[in-house]
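Asks: Here's the letter readout for the chains.
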Amino acid sequence: DAMVIQNPRYQVTQFGKPVTLSCSQTLNHNVMYWYQQKSSQAPKLLFHYYDKDFNNEADTPDNFQSRRPNTSFCFLDIRSPGLGDAAMYLCATSSDRYSYNEQFFGPGTRLTVL
Amino acid sequence: GQNIDQPTEMTATEGAIVQINCTYQTSGFNGLFWYQQHAGEAPTFLSYNVLDGLEEKGRFSSFLSRSKGYSYLLLKELQMKDSASYLCAVRAGNRDDKIIFGKGTRLHILP
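Residue numbers (the numbering used here), protein chains in the order written: chain A, 1 to 114; chain B, 1 to 111.
Hints are computed from structural coordinates only; laboratory data are not their basis. Heads up, a few of these hints could be off.
Derived DSS-like pairs: lysine-lysine, alpha-carbon spacing no greater than 27 Å straight-line [as the list claims (entries may be wrong)]:
1) B:76 with B:103
2) B:57 with A:52
3) B:103 with B:81
4) B:103 with B:68
5) B:103 with B:57
6) A:38 with B:81
7) B:68 with A:44
8) A:38 with B:103
9) B:57 with A:17
Bear in mind the structure is a predicted one, so any value in this text is a computation, not a measurement.
All chains, please: the whole structure from these sequences, using the hints.
Replies: What follows is the structure, given as structure tokens:
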């Protein structure tokens, strides 16, 4: 089945130690998103790619970077994780930036920072 | 600024009907989504409204009034599995690809 896959599902890292979260999709969607969701809060958009066009949200910390080497894969790099970065990170895709279709979400990666 | 408001929690009884409201103030509007999210899981799509009126899909219906900046999600014949958070999200701004989520309404279903 076509889907959005995130690895790992659970990630533990140490304060200040770089970590990379990965997302892949078999939907062949042009748009990929990264959201951060803390407990009992709304998913917060960090950035998104339309194809190779990178779009950063104004309030996304510089500590967060992203890469999209091809249509299928997108990575979230946290250069120096702090305790406040512990959250669920959700990857989502949509077929087109002008599409009114829904976003398809991956299962998320829960990040713990020790 | 962008703001989406929905109640934090609601409780309803199995078999009953519940309405979850959402109000929004956004710069631009290109549609409103409702998502269901079970604890520890990713959101799953329920509905999309871009025109005023009611969209019905099985036990779930969603209503939109653009002039009022208002939507609701109506759940009928509630089942225990409907216990979840329900997220209202708006595609907003000048760019169609930006979706802003509300904090979600946690729905508790009692037997």
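Asks: Each hint needs a verdict: does it hold in this structure or not?
Replies: Against the structure, the hints:
1. B:76 with B:103: holds, 22 Å
2. B:57 with A:52: Measuring from Cα to Cα gives roughly 35 Å; hence the hint is violated.
3. B:103 with B:81: holds, 20 Å
4. B:103 with B:68: holds, 20 Å
5. B:103 with B:57: holds, 23 Å
6. A:38 with B:81: holds, 23 Å
7. B:68 with A:44: holds, 25 Å
8. A:38 with B:103: holds, 10 Å
9. B:57 with A:17: violated, 46 Å
Hints 2 and 9, counting from the list given before, are not met by this structure.
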